[in-house]
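Protein chains in written order, with my numbering: chain S, 412 to 684; chain V, 412 to 684.
To be clear, the hints were calculated from the coordinates, so they are not data collected in a lab. Do not take every clue at face value.
[Stated by the list, open to error] Chain V stretches covered by chain S per the calculated footprint, using a threshold of three residues with CB under 8 angstroms from any CB of chain S:
| hint | region |
| --- | --- |
| 1 | 427-435 |
| 2 | 504-518 |
| 3 | 570-580 |
Note that this is a predicted model, so its numbers are computed, not measured. Glycine included, every Cβ here is placed at the ideal spot set by N, Cα and C.
2 protein chains.
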Amino acid sequence: MKIIKNIEELREVINNYYSLNKIIAFVPTMGSLHDGHLSLIRYAKETADISVVSIFVNKTQFNDANDFTNYPRDLDNDIDKLSKLKPDIIFVPNDSEIYNKDFAIKISVNKFHDCLCGSSRIGHFDGVALIIIKLFNLIKPHKAIFGEKDYQQTLIIKKLVKDLNFDINIIVQPTYREPSGLAMSSRNLRLSANGKKLAFAIYKTLNEIKTDPSTLEQKKFELLDMGFEKIDYLEIRDEDDLKLINNINSAQNKRIFIAIYLEGIRLIDNLKI
Amino acid sequence: MKIIKNIEELREVINNYYSLNKIIAFVPTMGSLHDGHLSLIRYAKETADISVVSIFVNKTQFNDANDFTNYPRDLDNDIDKLSKLKPDIIFVPNDSEIYNKDFAIKISVNKFHDCLCGSSRIGHFDGVALIIIKLFNLIKPHKAIFGEKDYQQTLIIKKLVKDLNFDINIIVQPTYREPSGLAMSSRNLRLSANGKKLAFAIYKTLNEIKTDPSTLEQKKFELLDMGFEKIDYLEIRDEDDLKLINNINSAQNKRIFIAIYLEGIRLIDNLKI
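Assemble the whole structure, with the sequences as input and the hints as a guide.
Shown next as C-alpha cells:
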C-alpha cells in the first residue's frame, strides 16, 4: 500500500504497471471512508491486478462553500481503514496539485443534469465531470467503480465516458446500507445519534412508495412531520433517461429518488421499483 | 499501413500495441494532406514505435457552416500520399462514429481563447479541444505532433493537456512552407494560380515587420492595396501568454500573427521575432 501525493510520482508508478500489462481498477472518493467505499475497494481488488483509491475533496463540485468547508475530512482514520484492505495505491493530492492557479478548463455535461441533484446543486455535476476526467487521465484505469447511491452521477459519468471515448469500464455497485437501511454516506457522520435514528425513515419510505407508488405525495408530509426539515425532491423517474414518470403503470424502468434535509445535512437515496 | 474507420477496431489495435509496450505518436489532421502534414508524420515515425494519423473534418470547430462545407476533402489522394510514408494506422472515422446523436459534452478553454483566431472564430477552439480530447482517448498516444502554423492552437492544446492531466507529450514542429515562403495549408488548395502568387506576400510581410516592427500599421494598407480583401488581425503578441505587446522593445518573447482573406479564403501565419 503506497500513499502518493504527487502527480509525477503517480505517473511513474502507473506507467510502470502499464509496462507490466497490469489491469488497474480505480475507486475515486472524497475520503471519510465508510463501509460503502470499502466494499467498492474490495471489488476493485478482486477484479483487477492493481487497485487505486483516490482521496480528494473536490471543490469544483461543491455549489455551497459551507458544505465544502464542513465536508468531513479525516485522512488518518481513512488510511487506518484502508490499511486493512491494502489497495496498491492511495492517491491523496492536495488542492494545488490538482488545480493550478490559472486553471482554465470548464466541462459541461448537458444530459441528465437538469433534474434531481442537478437542479438543486447548480454546477455540481460539471465539477464532478471535471475531476473525473482529470483522475482518469492520471490513473489511467481499465475500470472505475462507483456506488449506486449516487445514481444520477453514475449516469453522467457513463455519458462522459461514452461521449469523450474513454476506454474505461464503469462499474456501478449496489448501495451499501447500515443495518437500519440508511444508505452509507460520509455525511452521516455529521448526524447526531437522534438524527441517525430518524434517518432510517428515508429508506423505509422509499420501500413503502415502491410497494404503493400512489402514497408518494402523502409520504412527503409524513417525512416533514417526523422532523425532516426540507424535501429537495421525492420523485419517480425513468432510470434510463431520468424523465419524470407520469403513468406509474408504464413499462419504463422506474426508480424513486429522494434528497432530504435533516439537522442541516442533505441526504440522498434511491431505489429501483 | 492499416486504414481503420471504426472505434471498436481501433481500440483493439491500440490495446494490442499497449500490451507490446509500444510508444505511439499521433498526428491529428483534417485531411487534404500537404507536405506540412507529411513532415509531422515523418517526425512521428522517426520518434516512436507506432505512428497514427487521423483524418477527420471536425464540424464542432467550424464556426462557419460554409467553411465546413467547402473545406477540401480528398481521401483517395490523402491515402495515396500516406502510402509513401506508411504510418502504421490511418484512423478515418465518419461523423456519426465520433458524435453520437445525443452527444452532450461541451468543453471551454478559458485561456488564450479571447484573441486572434479565438475572437474571429467564436467557439473554434472549444471544438478543437473537444475533438482532441476524444482522439487522445481513442488513440492513447504517448506523444502528439502539431504544426506551429496554428500557434494559438498549440498553446490551447498544451493548456488542455496540463489542466486535464493527459500523460501526453505535445510536440510542435516548425511551419512547413512553399519555396515562396507561403505557409502550407489545406486551404491553399482553394487559391487560384494568381492567388497563390499573391499569397507569398503574407510571409514576406511578416519578415519585413520582424525587421522593422514600426512598419506594422503601414503594412496593413500595403496588403489591402495588393488585393487582399480583409485583414482579420496583424498583431505582435507575447508568445507565452498572447498578450498584445505595447512596447516593442520589451524583453518579452514576441511573435507576429496574421489572419487575412484572399479570394474569400482565410489564411493564417505567424513568425517569431
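Exercise. For this structure, which hints from the list above don't hold up?
Worked result: Violated: none.
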